[in-house]
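Kindly produce the complete structure, drawing on both the sequences and the hints.
Number of protein chains: 2
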Amino acid sequence: VGNAIQKIAIVGHGNVGHHLTQHLFNAGIEITHIVGREKQKAQELADLVNAIATDDFEDLDNDQLVLFCVPDDAIAKLIDKIDTRCPIAYTSGSIELSSLPQRKELGVFYPLQTFTKGHEIDLFEVPFFIEATNDYFATRLFDLAWKISKSVAYASSKQRKELHHTAVWVNNFTNHIMYLAQDYAANHNIKFDHLKPLLKETMNKLNFQSPRDAQTGPARRGDEKIIEQHIDKLEGLPKEIYALISKSIQQTYSNND
Amino acid sequence: VGNAIQKIAIVGHGNVGHHLTQHLFNAGIEITHIVGREKQKAQELADLVNAIATDDFEDLDNDQLVLFCVPDDAIAKLIDKIDTRCPIAYTSGSIELSSLPQRKELGVFYPLQTFTKGHEIDLFEVPFFIEATNDYFATRLFDLAWKISKSVAYASSKQRKELHHTAVWVNNFTNHIMYLAQDYAANHNIKFDHLKPLLKETMNKLNFQSPRDAQTGPARRGDEKIIEQHIDKLEGLPKEIYALISKSIQQTYSNND
Chain A
4 VGNAIQKIAI VGHGNVGHHL TQHLFNAGIE ITHIVGREKQ KAQELADLVN
54 AIATDDFEDL DNDQLVLFCV PDDAIAKLID KIDTRCPIAY TSGSIELSSL
104 PQRKELGVFY PLQTFTKGHE IDLFEVPFFI EATNDYFATR LFDLAWKISK
154 SVAYASSKQR KELHHTAVWV NNFTNHIMYL AQDYAANHNI KFDHLKPLLK
204 ETMNKLNFQS PRDAQTGPAR RGDEKIIEQH IDKLEGLPKE IYALISKSIQ
254 QTYSNND
Chain B
4 VGNAIQKIAI VGHGNVGHHL TQHLFNAGIE ITHIVGREKQ KAQELADLVN
54 AIATDDFEDL DNDQLVLFCV PDDAIAKLID KIDTRCPIAY TSGSIELSSL
104 PQRKELGVFY PLQTFTKGHE IDLFEVPFFI EATNDYFATR LFDLAWKISK
154 SVAYASSKQR KELHHTAVWV NNFTNHIMYL AQDYAANHNI KFDHLKPLLK
204 ETMNKLNFQS PRDAQTGPAR RGDEKIIEQH IDKLEGLPKE IYALISKSIQ
254 QTYSNND
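If you read the sequences in order, they're chains A and B.
Residue numbering for the first sequence follows the numbering used here, beginning at 4 and increasing consecutively.
Residue numbering for the second sequence follows the numbering used here, beginning at 4 and increasing consecutively.
None of these hints come from the bench; they were simulated from the model.
Heads up, none of these hints are tricks.
Identical chains blur together in the list; that is why a pair holds if it fits in one copy or across any two.
Cross-link-like lysine-lysine pairs, in silico, DSBU-like; alpha carbons within 30 Å at most:
id, residue 1, residue 2
1, K120, K228
2, K208, K194
3, K153, K194
4, K194, K250
5, K161, K80
6, K236, K161
7, K80, K228
8, K164, K236
9, K120, K10
10, K228, K164
Here the structure is a predicted model, which means the values were calculated and not measured.
In structure tokens, the structure reads:
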């Protein structure tokens, strides 16, 4: 406890930076600086948490944790700008620890979630994954995450990359399926709003049923006649996607039901 | 108001029958009978709402609404068993009104939602779609739906079929994408639970952002190099689906951004 992380400088004022800054501040952590190239944005965020806004790493103290909330490709080159006495952590899902300039205290503080500007999130439910160049620093990052989330785990760079990769495609693809439905609805004079309670319930079912058991519909039943009828009638929805996902559902339940 | 529907016999004791029976009862409607072939299941549901359980349509009075909560292919043959004085409504999304034996008061009472046994749902948020063989009966069904939902609309058989069709595939396909993620996670020693907060947030974004605007990821950015890298590394996830959905996302944003 004597060595708990108590002071943090946040680098970056994008969506991740905003959310982590505010939740860490609310958890009693002192936010010393917001470092960012866009002075006004950095200042706005700094004002929320009584921090100093700067675009100059020289302004940082030499003892606080520096937390990078920046795009993946900026991490490596920023590390070398930080006083070697400062511990550093970064929030990327896919950058491997071993690929970065080595230092005594370098770690990962990865929240598996999609952050949207201006939209509050229940960070306490968001899983954080921790990794570090030394075990003691890892435990300190773990304890820090524990202050803002109820779900904290250690993960190797390889595990984290796979988690991140799976998260990206499941998030992107479910969203794209919803986009296709929205587009189809717009072209058929259907209010997309009418479909939202259903979609929420689809997701809500994750709380009490596995997606495997929750599956319904013609492909689940293996009803090829109905699938073909539906594909014939599609206008504006990619028939290839309809056919391919239907085939994949059929295979799922014919192989090993 | 003098002609509001006040007495209903429910035919069917599956998921739809269970949910509608209880919500209508809670809204002050008298449930006279639960009609079903499985005597014990009908009795269990009837006991919850002080109704009579029966497997014989002769037991019904000749004035209550008869509400069919049965599979699509059972509707036509059941209609002829009901006293011609009874108004009838059914809950199917895809059966056209004109395809059924005609009678004076025949209508549609379609809730656009997926119902799961033993899982409570916020029916008040569920959209109901109404249609009937005569306008006055339609208004009475509309008023009935209004007692249990805040979202009630008239829809023709054609509109309802398209709504239902869109609902089925968007629900089935998002669920299957989640299943593929679950399967992938299981094969890669990833806890699927870690992905649930992300998926909930993906769906939650529907409240404040369109799926079109919410899209992120390599396909959204048109980053073909990353897409190819990801596809190369896929093991256990259908590469065809990954490639096809990625292509569809790229097309979405290249055509008319």
